[in-house]
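K.L.:
Protein chains in written order, with the working numbering: chain A, 1 to 360; chain B, 1 to 360; chain C, 1 to 360; chain D, 1 to 360.
There may be inaccurate statements among the hints.
Just so you know, same-sequence chains aren't split out, so a pair can sit in one copy or run between any two.
Claimed, not checked - DSSO-like cross-link-like pairs, simulated, lysine-lysine; straight-line CA separation at most 30 angstroms:
{"no.": "1", "residue 1": "217", "residue 2": "120"}
{"no.": "2", "residue 1": "227", "residue 2": "55"}
{"no.": "3", "residue 1": "217", "residue 2": "61"}
{"no.": "4", "residue 1": "5", "residue 2": "217"}
{"no.": "5", "residue 1": "5", "residue 2": "55"}
{"no.": "6", "residue 1": "120", "residue 2": "348"}
{"no.": "7", "residue 1": "120", "residue 2": "5"}
{"no.": "8", "residue 1": "217", "residue 2": "227"}
{"no.": "9", "residue 1": "55", "residue 2": "348"}
{"no.": "10", "residue 1": "5", "residue 2": "348"}
{"no.": "11", "residue 1": "348", "residue 2": "61"}
{"no.": "12", "residue 1": "217", "residue 2": "348"}
Because the hints were derived from the structure by calculation, they are not lab data.
Number of protein chains: 4
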Amino acid sequence: MGEVKRIGVLTSGGDCAGLNAAIRAVVMQAANYGWEVMGIHHGTEGLMRQPPEAKLLVPDKVEQWLTLGGTLLGTINRGLPLDLPLDDGTIRDRRLDFIAGCRELGLSAIIGIGGDGSLKILHGLTDQVGMPFVGIPKTIDNDVAITEQSIGFDTAVNIATEALDRLHFTAASHDRVMILEVMGRDAGHIALHAGIAGGAHVILIPEIPYQIDLVSKAILARQAAGKAFSVVIVSEAVCTSGGDIITQTQAFGECRLGGIGQYLAQELTRATGAETRVTVLGHVQRGGVPSPLDRVLASAFGVEAVNLVARGEFSRVVTWQQRQVVSVPIEAITASCRTVDPEDTLLKTARGLGICLGDC
Amino acid sequence: MGEVKRIGVLTSGGDCAGLNAAIRAVVMQAANYGWEVMGIHHGTEGLMRQPPEAKLLVPDKVEQWLTLGGTLLGTINRGLPLDLPLDDGTIRDRRLDFIAGCRELGLSAIIGIGGDGSLKILHGLTDQVGMPFVGIPKTIDNDVAITEQSIGFDTAVNIATEALDRLHFTAASHDRVMILEVMGRDAGHIALHAGIAGGAHVILIPEIPYQIDLVSKAILARQAAGKAFSVVIVSEAVCTSGGDIITQTQAFGECRLGGIGQYLAQELTRATGAETRVTVLGHVQRGGVPSPLDRVLASAFGVEAVNLVARGEFSRVVTWQQRQVVSVPIEAITASCRTVDPEDTLLKTARGLGICLGDC
Amino acid sequence: MGEVKRIGVLTSGGDCAGLNAAIRAVVMQAANYGWEVMGIHHGTEGLMRQPPEAKLLVPDKVEQWLTLGGTLLGTINRGLPLDLPLDDGTIRDRRLDFIAGCRELGLSAIIGIGGDGSLKILHGLTDQVGMPFVGIPKTIDNDVAITEQSIGFDTAVNIATEALDRLHFTAASHDRVMILEVMGRDAGHIALHAGIAGGAHVILIPEIPYQIDLVSKAILARQAAGKAFSVVIVSEAVCTSGGDIITQTQAFGECRLGGIGQYLAQELTRATGAETRVTVLGHVQRGGVPSPLDRVLASAFGVEAVNLVARGEFSRVVTWQQRQVVSVPIEAITASCRTVDPEDTLLKTARGLGICLGDC
Amino acid sequence: MGEVKRIGVLTSGGDCAGLNAAIRAVVMQAANYGWEVMGIHHGTEGLMRQPPEAKLLVPDKVEQWLTLGGTLLGTINRGLPLDLPLDDGTIRDRRLDFIAGCRELGLSAIIGIGGDGSLKILHGLTDQVGMPFVGIPKTIDNDVAITEQSIGFDTAVNIATEALDRLHFTAASHDRVMILEVMGRDAGHIALHAGIAGGAHVILIPEIPYQIDLVSKAILARQAAGKAFSVVIVSEAVCTSGGDIITQTQAFGECRLGGIGQYLAQELTRATGAETRVTVLGHVQRGGVPSPLDRVLASAFGVEAVNLVARGEFSRVVTWQQRQVVSVPIEAITASCRTVDPEDTLLKTARGLGICLGDC
C-alpha cells in the first residue's frame, strides 16, 4: 500500500463522546506511515460540496482532541439523497460529486466513523465509486451488531447513571416517583445498563413489552413495604399505547417519540397516587467529555483502522471483542441492529435485583 | 440555656443538596452541649400528626450523612393550612396539633431549614405558639435576601454548568442551537452563574425583560461570524409572551411554567433557520451529592444554629457574610426574595464576555 | 439445592470500588430464593474468631450500598497462617476454627469476593473443610486471568485518568515533566489503560523492560519539537535498577516499591534538564464511588454467584466474557496472574499514538 | 483612556485552575473597547527576553479557554533577579529589558494575574518603570489578604475533598488511618475547608500548633468507640518536630517540607497501633478543570480588570467582596498573607463537628 498518501476521515450521524479521540488516533497512526490525513467536515455532505469542506489534520493539531466531546469535524444526521431531484426536473447523481471531492482532496482511502446505518450507507457509496473504505463503529445506543462496544456508549451510560443517582436523593426526600427518559432509539442498552448501575426500581426498554398495570403494581408494592419513592428509567423508544401490551420497535413510527416519560407520569400518578416528576435527559447524554473507556476504545479503533488501510484490508469495520480490536467484513453489519437479547445476562441481573422490567 | 434538653430539627420546602450535612452538624454540635435532637419527618406536617413523626438522631447515626443529597428527614412542598376546614364544617386549629407534637416530643426549641417562604411561615407559627425557633437558609435559587449564599445553590450551579459543558460539544458538532432550561422560580441566579461558567451565548433571566428579536439577532450574528452553533440558558421563570417585552416576575402566574425552553426553540428556529434542541434539566439540579462548598456552608450553619439556641438567641437566622456565619433577626427576611440586582457584577461580567442577556 | 438456607458472603484482600454492589446483589438474589445471607466481617479471619464476626444482611439493609466504595464488611490483606504456631509450642489448626465458624453461623455455602490469590486460598480452605464455595473476581489490577474484567478496575482507571488530565494542565503551564505513579503490583493494566486514556507521553509497565536512556530521549525529542512538557505514568511495580534493562515482575522483591516515581524524576531531570514533579496516587485509586460499569459488573456477578449456589455448581468463579457472565471452574485461576500480553491491542495502540513504552 | 490601544496580560507564580478563564475575559472585554491584547509567555521573564515572548490574543482564539486548567501562557515560579550579575562582573538592569519588551510589544498597560507575592513584585517593577498595572489575585491557598476568594481555591478544595471522600471508603474497609497531605504553603485554608467538607476526623493546619499526643488520643478515642478507622488531612506546611508544640509558619524553613504526612504516619502507628497510609496529593490539586465558581470569579475579575484600565485606575487589584467585584489599591496587599484567623467561623465549625485540630 505504498501508494497511499492521503486518507480522509469523517464522522457521520449523531455525535457522541470519543469521536475526536478516534480522529486523533487516525491522524497519529497515519503519520507513522508518512501519510497525510484530511478531516472532512459534515460527513459525506462536506465531501460532495464544491469545493469540498476539509482541512489537513496533523498530529500537533489534534494532540489535545483526546478529551473533547462531540466531533470537531462536524456531522449531520441526514444528508441529501444520492439521486437528487433538481428544480429543472433532472436528477443530479451526487456520487459524481463524491468522486470529484475525493479527487480534489487527493484521497486514496476513507475512514468513516458512524453507527450501523451510517456505515452501511458509507460502504454502499464508497463501493459504488470504488473508493477504499474502513469503518469505525460509534453509537451511544451500543446497537451495532458486530462489536461488543461502540464509541460513546460508556459515556452515555455514565451520564444517565449520574442522573439516576441524583434523582434518587430527590425522590426519597419528597416521596416521589421520578422518571428518567433516556436515549436509545432502537435498543434499550443505555436504559438497562444505567438502570442497573443507578439502582432504578423500574426499567422499561423497547425489547420488552410492558404492561402499565404491572409497573403500577411494582410502585404500589414498594409503597406497601414502606418505600414511598421509586425511580424509573425508560428508553425514549418505548411506546405509549391504549392497549395493555406494546411491542415497541415495530410500532416505533407511530409512538409519540419522547412522550413516554410524560405518559408514564400520568398513568403512575393515576394508578398509585404518587407525585411524579419527569426528566428528559436529552442531548446532555451525547456531549460529555469521553470516559476513559471511550477514549481507549476510540484510540484503539483509530489506530487499527489505519493499519487496515496500510494492509489494504478494505470494506472492513474495526470491532471490540474480548478486550481486543478485531476487524470484520462490513457486510457483517447488514443484519439488523443489536437489540437487548432475551438471554442477556443483564436482564437476569435486573430481575435478580428485584427491578421491574414491565412484565414483572 | 441549661434547661434546653431536646431540640427538634426539620427541613421544609423543596429539597436540595446539603440538607443532610446541616442536620448532621446540628446533631453533632447539640451533642457537645449534652442535648438530644429529634429529627422531624416531612416538615411541620410530621410534627402535627398524631403521633408526631420523628426519630432520635445521634452522632453515630448521622456521621455518614455529609455526602448524601436531598433530606433524609423528608420534606413536603406544600402542607395543609393552619386553619383546616373539616368535613363537619368546623375549623381545626392545627397550631394546637403543633403544640401537642412539640410537647409529646419534649422539644424546647426547633431548628428549621428552609427557603425564605418556609422560614417565614415557620417563624410565624413558632412565634404564635411560643416555641423558640432558629432558621437555616437553603434554596437552590439563592434568593434568600439576607445571606450571600444558601445551602444547595453551589451544587445546583455545578450541575447546570456541567450540562452546558456537555451541550457545547453536541451543539458545535451539529451546528445547532442548544437550549437549557434551568430552575429558578423567582430569580435568575442559577442561570446567570451557570451561564457565565458554562460559556453560554445567551442567558435569559426573569429580572431582565427580553426581546425575542434581539435574541435571534445574537444567534444570527454568531452565524455570520462563522459560528453556526449557540448555547442558550434560560430560567424556568422566564415568560413566553405575544408581546415584545416581558417582565417575568410579575407575570409569573400567567406564563406557561416550564414551557419557555420549547417556546424559544420554536422562535429561534423560525427566525434563524438553525436546528434547535431543548433540555429541561429538572430535578437532577436538586438531588446531587453536595459540593464541598455546600457541605462547608451547611456544616457551619448547623453548628452555629445550635450555638444560637445555646445562647437563647431565638427568632434569628444564620447567614453567610464575607465567609463568616453571622445571625440576623428573622424579620430581616420579610422583604421580598433577592432577585438579581441590576447593578450585580455578574451582569457586567456577562455583557463584557459578549453574552446576550435578551436586551442585547 | 432446597437444603441451602443460609449462605455467607465475605470480601478478601485489598478493597476496591464495587464490592458493596456485589454484596448487595448477592443478598437480593438470595432473597429471591428465600435464603438468608450472613455478611462475614474481615474476610475469613472474621469467620475464624470466636464468636464469628458476622451480621445478617437483608435487602432493606443493603439497598443503598450500590454506590458506596470499599467494603462495608471490612477486609484484611493478610491473615494469620492456617497452621498457627502457639506460644506453648503447639500448632493450632485454624481450619477447625473455620469449620466452627461456619457451623455456628449455620452456613451451607460461602461466596467469596477476592483477587486471584485470595480466591485460590479461599478455595483451598473451603475445599479442605468441605464447605461449598463460589468466587467473584475483584482487583483494581485486572490481573485475574479468567475474566475480561474484574470489579474495581474500571473505577481505578477512571481515577488515574482523571489525575493525568489534571497533571497535563499543570505540566504544560510550567514546562515540566509530571510523573504519576499508579497501582499495579504485578500487571500494568491500570497504567496502560489510563496512560492511553489520559494522553500520557510515556507509559512504563512491569511487562516491558525499559531503558531509562530511551525514556529521556523521548522527553528530549518532545522538547526539540517545541513541547517543553511531558506526562509520564508508571506502575508501582516497575523497578529502578543500576543496569539499563530491567525485568520487573521477577525482580519485584528487590525493587524499592513505591520509589520508581522518584527514581524517574531524578533520572529525567539529570538527563533532560526538565523540572520534574511526582504524584503517587496511592489509595485514592481504591476507594472511589464505583463507576457505572463496575456497578453493573458487580451486580451481574453477585446475582450469578447465587444462581451457581442454587444450581449446586460449586468450586466455580463467575467471569465476564463478551459482555456476559459465564462461570468457570476455580482451577482455571491457578495459572499465574494475567499480565499485559505482548500482543495486546493496547500496546499497538500506544505505539501508534507515539507513546514511549520504555523500549521506544 | 482613548490612548490605550494594546494591553499585555501575563500569569505569574504557580499555576491553578481558572487562569485561562481570566485571560479569556480580559481579551473579550478589551475587544469591547477596541483594544488588542498581547498574551505574554512565562510571566515577566518572557517580556524581558529578546524578542519578547508573546502572542496576539483575539476573542476567537480564547473562546474555548474557559474550561482549560493551568495557564496557556505558561508561567514560572521564580525568575531571575532584576539586578542580574553577569559573567563579566557587571550588573544587568533587567528593568531596561522589561521596558524594551513593553515598547517592542507596544503595550500601554499590563494586567498581571498572580498570588500576593507575584502581584507585589509586579507592581514594584511596573511602578519603577512607569508602566500602568492592574492585578488579579489567584492562589489555590486563598491567602491573598484583600479578597474573600482567589482564583483556583475552590477547585483545589474540590479536588482535596474528593480525595478525602475516596480515602474514607478504603480507610473504613481496612480499619486504617488514612492521611492526606494537601497544599497550603503558608495558610491552612485548603486543609480546613476540605477537611470539613470531606468529613476528616483530624485537621492539622500551620496556624494551630499541634501536639502529636493529642492527635493520637483522638484516634484512640475513635477506636475505643468502635470506629477502627480515621481520616486525617494535613497542610504540607505543618512541621514535624521533636518538641510537643510547633508553630509552623515561622519554622517553615526548617521543617521537612512534604514530610509531615510520613511523620504523622509513623507517630500515629507507634502510638495507636493502627495501620496508616499516606497520600500526598501534589500537583493534581493545581491542574483541574476549573470549578464553575472559579470560572465565574475569573471571568468577573478579568472583565473588571479591563474596566479599571479603561478608567485609568491603575496600581489596583480586583477583589471579591460580598459576591461583588471591588477594586482596592495594590498597597493593600503589602500586609502579610491571610492565614486562618483564630476567630474564623470554620474553626468553630470544625470543633463543633468533633474534629480534632491538634489541640483537642
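K.L.:
Just pull the numbers of the violated hints for me, sorted ascending.
P.N.:
The structure conflicts with hint 1 only, although it agrees with all the remaining ones.
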